[in-house]
Amino acid sequence: MIRKALVTDVPGIKRLIEPFVKEGLMLPRSLHALYTSIRDFWVWQEDGVILGCCALQISWEDMAEIRTLAIERDRQGRGHGLELLNTCKQEALDLGLGNLFTLTYVPGFFKRAGFTVVDKATLPNKIWADCIHCPHFPECDETALIFKLKDDDHAAP
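In the working numbering, the protein residues as written are 3 to 159.
If you're looking for bench data, these hints aren't it; they were derived computationally from the structure. Among the hints, a few may not be true.
Result set (DSBU-like, lysine-lysine): computed pairs, CA atoms no more than 35 Å apart in a straight line [as the list claims (entries may be wrong)]:
no., residue 1, residue 2
1, 16, 6
2, 150, 16
3, 122, 24
4, 113, 6
5, 113, 24
6, 6, 122
7, 113, 150
8, 113, 152
9, 16, 113
10, 152, 16
11, 24, 150
12, 122, 16
13, 24, 6
14, 6, 152
15, 150, 122
16, 122, 152
17, 6, 150
Okay, the calculated beta carbon distance ranges per label pair [claimed, not checked]:
no., residue 1, residue 2, range
18, 153, 79, 27 to 35 Å
19, 9, 121, 35 to 43 Å
20, 5, 38, 15 to 23 Å
Just so it is clear, CB atoms sit at the ideal spot from N, CA and C, and this is done for glycine as well.
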């Protein structure tokens with residue numbers, strides 16, 4: 003079941019993302035960062051266990067970031083990541099946003115989901131607010147991708 007995350011889900015989210023952080027596939031997120039951004043998160047849960055997560059963080063007037071998308075390793079490849087991503091896309095549309103972006107070490111997944119690689123310099127400066135705290139700043143080695151939710155006032159398929 004996919005649902006909005008609860009404060010009580012933070013330890014499960016942290017447990018889920020830690021292996022990906024250790025592999026260098028995801029940036030670290032402190033417990034503090036997870037608690038303070040819990041309203042951004044959606045989780046996929048089965049039998050009381052968090053098996054996937056994805057966050058939608060509004061960045062600017064018409065743009066939000068897809069962050070911390072993770073699926074339990076043995077559950078990958080079954081469409082759950084895409085379901086979480088589509089849930090975040092729908093939430094972004096419901097909020098009236100027109101564009102999504104992500105910074106990722108795994109661009110292939112996002113390309114398959116319709117995102118397009120862009121030069122990081124084309125993204126608004128406001129999105130870099132969190133980057134100042136990143137251990138890779140200013141030599142960011144993530145790939146930037148964007149997805150247009152609306153084209154000529156119509157929602158993307």
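Hints versus structure:
no. : hint                  : in the structure
1   : 16 to 6               : 16 Å, holds
2   : 150 to 16             : 30 Å, holds
3   : 122 to 24             : 24 Å, holds
4   : 113 to 6              : 25 Å, holds
5   : 113 to 24             : 24 Å, holds
6   : 6 to 122              : 29 Å, holds
7   : 113 to 150            : 13 Å, holds
8   : 113 to 152            : 18 Å, holds
9   : 16 to 113             : 26 Å, holds
10  : 152 to 16             : 33 Å, holds
11  : 24 to 150             : 31 Å, holds
12  : 122 to 16             : 27 Å, holds
13  : 24 to 6               : 26 Å, holds
14  : 6 to 152              : 24 Å, holds
15  : 150 to 122            : 16 Å, holds
16  : 122 to 152            : 21 Å, holds
17  : 6 to 150              : 23 Å, holds
18  : 153 to 79: 27 to 35 Å : 30 Å, holds
19  : 9 to 121: 35 to 43 Å  : 37 Å, holds
20  : 5 to 38: 15 to 23 Å   : 20 Å, holds
In this structure, every one of the numbered hints holds.
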